[in-house]
Each structure stands twice: as structure tokens, then as C-alpha cells.
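*Asks:* Go by the hints and put chain W onto chain V.
Sequence order for the protein chains is V and W. Using this note's numbering, you'd call the opening residue of the first sequence number 1 and step up by one each time. Using this note's numbering, you'd call the opening residue of the second sequence number 1001 and step up by one each time.
If you are wondering where the hints come from, they were derived from the structure by calculation, not from laboratory data. Please note that the accuracy of each hint is not assured.
What the hints assert, rightly or not - Just so you have them, the derived chain V footprint on chain W, three or more residues with Cβ under 8 Å:
#1 1145 to 1154
#2 1194 to 1200
#3 1232 to 1238
#4 1256 to 1264
#5 1292 to 1304
Please read all numbers here as calculations on a predicted model, not as lab measurements. Glycine residues also receive a C-beta, built at the ideal position from the N, C-alpha and C atoms.
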Amino acid sequence: MSELALEKKLKVTSIGKFRELGLLVFIILLSVLVQLRNPNFLTLENINDLIKNTAILSILTVGMMLVIVTRGIDLSIGSTVALSGMISALAVSANPDIHPLVAMLIGTLIGTVCGAILGLLVSKAGILPIIATLGMMNAYRGLTFMISGGRWVSAHQMPASFKGIATGSLLGINILIFIAIIIYIIFYYFVNHTRTGRQIYAVGSNPESAKISGINTVKILWMVYTIMGALAGLAGVLWVSKFASAQGDTAMGYEMNVIAACVLGGVNISGGSGKISGIILGSLLLGIINNALPLINVSPFWQQAIQGVIILVAVIVNALVKRNVDRKNLMRRKI
Amino acid sequence: MEKRSIAAHKEFNLKSFFFQWEWMLVLMLIIINIVNASLSPYYLNFRSLIDATMTFLDKAFIVLPMAFVIILGDIDISVASTVALSSVVMAVSYNNLGLPMELAVIICLVVGTICGLINGLLITKFKELSAVIVTLSTMIIYRGIAYIILEDQASGKFPSWFSFFGWGYVGGIPFILIAFAVFAVIFSMLLHKTTFGRRVYAIGSNITASRFSGVQVDKIKVIIFTMTGFMSAVTALFLTSRMGSTRPNVATGYELDVIAMVVLGGVSTTGGKGRIIGTILSIFVIGLLRYGLGLKNVPAQALLVIIGLLLIFAVMIPNIKINTAKVRKLHKTEA
Chain V
1 MSELALEKKL KVTSIGKFRE LGLLVFIILL SVLVQLRNPN FLTLENINDL
51 IKNTAILSIL TVGMMLVIVT RGIDLSIGST VALSGMISAL AVSANPDIHP
101 LVAMLIGTLI GTVCGAILGL LVSKAGILPI IATLGMMNAY RGLTFMISGG
151 RWVSAHQMPA SFKGIATGSL LGINILIFIA IIIYIIFYYF VNHTRTGRQI
201 YAVGSNPESA KISGINTVKI LWMVYTIMGA LAGLAGVLWV SKFASAQGDT
251 AMGYEMNVIA ACVLGGVNIS GGSGKISGII LGSLLLGIIN NALPLINVSP
301 FWQQAIQGVI ILVAVIVNAL VKRNVDRKNL MRRKI
Chain W
1001 MEKRSIAAHK EFNLKSFFFQ WEWMLVLMLI IINIVNASLS PYYLNFRSLI
1051 DATMTFLDKA FIVLPMAFVI ILGDIDISVA STVALSSVVM AVSYNNLGLP
1101 MELAVIICLV VGTICGLING LLITKFKELS AVIVTLSTMI IYRGIAYIIL
1151 EDQASGKFPS WFSFFGWGYV GGIPFILIAF AVFAVIFSML LHKTTFGRRV
1201 YAIGSNITAS RFSGVQVDKI KVIIFTMTGF MSAVTALFLT SRMGSTRPNV
1251 ATGYELDVIA MVVLGGVSTT GGKGRIIGTI LSIFVIGLLR YGLGLKNVPA
1301 QALLVIIGLL LIFAVMIPNI KINTAKVRKL HKTEA
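In isolation and in its complexed conformation, chain V is listed as follows (with noise of 0.2 Å):
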């Protein structure tokens, strides 16, 4: 009997398993089809290339998890990325001997201004966080357009320093993965084993428990809008610097394939679960469908509604994989 019930609960925690395990499964499945059809895909160059176009997109997908797990969603980050790209952008082509590290601060504090905003908005005053994002993501994407006059800073603008943060190496690895990286291993640790880390989980997972057992859940969401809008400062400037121009609709429309990356990567839009490992998966899918669709001669006007439907198809598993757990749940209890 007990050797039934260990079987059972053996299955059941290998269907929670099962989504990053079928998630790298696909990436290979993908990444040999698309190596098929063009040889040039599985080379050194194009997969390094890959991450690098990927590094940002999965900055942006770390601060989104943490939203999503607290039952929230943040629509504004794309604005966000293009308000604090622009404003760094200017403050470099003004002065061009600021250190790079000086333009990256500049960026990430005024994300960090945006986000914590928002995050007031959201915890104190109580606002659905769609309402609230929707809102400011008009809101700073008309003051990247009041900013910069409706004007472009492009690439002569720009000094070489500030280029190189995108395109120079560190330790022989090229900073925008660099600094990914380093995010990665900061936020694994900051979610798996600090306290405050944890805490994210309980409030998404229950608000009410969570504040019953003495969570400060308005701190927990505030910072969570703050910690979002850090990091899409950080990757505004990244953004400026990776493609040498900032404008007024940088970024526009990103925040999808951010959300996308985070539902991909597993991370439950009703709050309460996402794991690093999984988001990681998650951005890396979606870089490898940028990058292979236009390689096997796709036209870029399919690939937003493949994404879309790679989206609805991702978040429609999620669900069906959930309900048979839970099932699974409901049979064990039986016995």
C-alpha cells in the first residue's frame, strides 16, 4: 500500500517536473529541425549571437516573474525601457565622458523611480496592477516623447564608451551576457534562500495567509514594481547601447514577449510559482524563435503571430498540465 502511494507521489512530482524537462526537450527538438534547414544555425558565431540578443529580453523576464508570482502583471516595462534609455542616451550625447557604469546607474535609477511609482500605485492605492500599468506605460512613453522632442539620439550622438557597454567583452564573455549572468545568480539566490525572497512566493501564493502569518505584503509588492522597474532601467540602457539609437518607441510592444518568456518559462500567471531555472528556459525558446524564424526564411511579418500563438498554445498546456495534478492531487486523497 505504501509503495502504491510513494509510486503515486513519485508521478505527480515528475508531472511538476515534467514542463522544464519537455521545455529543454523542445529547445533541442527545435534546434536540430531548424539546424536541418540551415547549417548555419548550430555555429559558434549565431549561437553566441543568440544569447547576446537574448541577454536583455531575459533581465526584463527576471523582474517580470517576480511580478506575475505576486497574482500581478506589469504592461509598462517596454515604456519604462524607453524612457530610461532615452534620458541616459541624452545625459551621454550631452557629456560624453561619462563612464559607462555612471550611464547604466543613471538608467537603472530612473527605472527604479518609474517602478517604485508604479509599485505605490499598486500596493498602497490599491489599483488593479493592468489598470495601474496600462496607465503608466502611456504615461512614460509620452514623457519619452516630451523628453526627447519627438528626436532621435542616434549612433554619432553617441560616444564610443558608451557603445562599448553592448559590443565590448569581459573575461571573454560579452558584457550584455555578462550582466545577465550576474543578475541570474543575484536573483536565484535572492528567491531560492533569502527570507524576503520567499516571502514573494507566500504573498502570490495566499495574500490573505501571507498577511496574516506577518508579512508586510505592501512592502513585498512595492518592491517588487521597484525591483521590475530597476531592472528595465538597467535594460533601457543596454537596449540604447545595443543598438546605438534611442527613440520614442523603443521597446514598444516588448513587454509581450517578456510576459511571453515568463509563461513559456512556466511561471503561473495566477500567481505563486515561477522558478528561475524555468524563465531562463523560457527567454531562451523564445531568442532561439527570433532568431531561427528569419534563418529558415519565415517572413517577419509571421513571426509576431507565431509568437502569439506560441503564447496562447504555452499558457493552454500550463492550464491542462495543472488540471491533471490536480486530479492526480484529488485521486491520491482518495486512497
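*Replies:* Only chain W this time, still in chain V's reference frame:
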């Protein structure tokens, strides 16, 4: 706890009659009109006022069903993409497939309705998925399909009678205004005078209780999302007719405007509260505000900021009211 009632007939009370959100909107409307009139001597002229309404009424058609969606406690952010897709399909079936325009118009309405139906079915079949994530992914998909169909081209050259929708007059009154008035009456009758409407409020106040009391929650949800799709197609008709051509990126950002109008109209984002009359007033508040700021040559980007902030303040004010009421109650019980 705030007392919620879904009774159709409330006792008349002079104080509560005047302390309604709608009066606040009327006040805002008067202020905006006074400001606008002082900005331009030609503003307070029947002809120009009527023509002003033509500039913003196209999206007002979506506001009506969106009020239903938000009263349900859901949200639909795919409406702008539905507008784009049905508009693009209509243009292509007339210009490229050579179908008669009458048929193309019907196809437009059918496409919009199907888009809404898909949203509704997905939301009710997969209850684990929130309306936010479903409509987020269909938003990307519908817009993506529009891009697949038309790539980056514009499609115009409609027969001359088609411009009647956007520019025509019937007895000196714009056709769009008449059409809107008809739909507004239909929707407010539906919400306030039928059992269907009462059920919508019931679902928004307490979905579990309504399910147990025999309300067919799923059916009503599907109907409302389908209605939203249909009305998005109606908007597509008027918008395309006004602009004379269409592109896949048409109506971007409409979802924000529509949601802002509904929320400013006093519909609670937590569901169960709100009236059509409020949303109609807020359509005119936002529309005339835009028009007036346009007269003053305020750039479109500043408008983004204003609308975004307006949305947030509109949601915040009722929250503050509830909070102060709670605090007052607490003080009373302590004393």
C-alpha cells in the same frame, strides 16, 4: 465591508442621488466645455460641436460592450487588434478578392464577431486562465494575422458610398452620432432593463454565488465577449470609412482609451458596479478634452500622459473613498 446590492429598484434618496459619480462627470464636462470655449471663439457653435464628436466617436462603440466586460470583473485588451484585423480583412476582400463592398462589410462584422467568440470560448473553457492573459495573447495573434495579410502596406480605394459611415449626415446630424445613440440605447436597455443585465451584475459581484443560483455564467461570458468582438468590428467600419484606407497597425492603443473611458465612467474594475450613462458621459469628457487640447496645439504625446494619469486617478478616487469610509467605521466602533 461595503454593501452590494443587485436589486434593480433602489429607494430614491436625494442625497445619494446627487452624490453620484455621474454628476462629477457632468461637472467635468461643463468645465472642459468652458475651457474649450475660452480657447476658441468658434467652439461653442452647434455645427462645430457636432463635428467635434465625429472625431472621437469611432472607439465609443467598443466602450459599450467593454463596460459589460469590466462589470463582469474581466477585461478585454484584444479589442484594438480585433479592429485592425476586421478592418484589414474587409479591405482585402474588397480590393484584392474583388468581392462587392456590401459583402466586405458583412465579412468585417463576421470577423470581429469570431474574434470575440474565440476570446469568450478560451476564457470559459480554460477557467484557470485569466481574461488578461487570454486577451493578451489573442491581441498579439489578431494583430499578427493582420500583418500576415497586409504586411506593411495600406489598402484603400473604397467605393464612394462607403465614406458615408464616417462622414455622412442624416438630417444635419452625423450618421456616426445617430448610430452611436442607437447602440447606446440598446446596450443600456440590455444592462439596466433585462434579466440578462441583472445577471451580468450578479456575476460581477459574486461569480460563485451566481453559478450556484443557476446563472449560466459561461454562456453569458461568451455572449459578452462575442458582443465586444462585434462592436470592435463596428468601430473598424467607422474608422476605416473615416480614414479612407487601412493598415495593419491601425487603432493601436485603442484598448487603453476604451478601458480609460469605461473606468472613468465609474465602472469598478473589480466588477459588479457601473452604469452605461457614466461611460457615455466619460466618452464625451475624454473626447472633448482631447479635442480642446488639440485646439490648443498640445502634442499628442502629452495627451498620452494625460489620458494615462486620468485613468489612474479615476480608479484611485473610489478606492480612497472606500478606504476613508473604512477608517471612519473603524473609529466609530472603537469609540
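*Asks:* The structure should be examined with respect to each hint, and the outcome stated for every one.
*Replies:* Quick rundown of the hints versus the structure:
no.	hint	verdict
1	1145 to 1154	holds (count 5)
2	1194 to 1200	violated (count 0)
3	1232 to 1238	violated (count 0)
4	1256 to 1264	holds (count 4)
5	1292 to 1304	holds (count 5)
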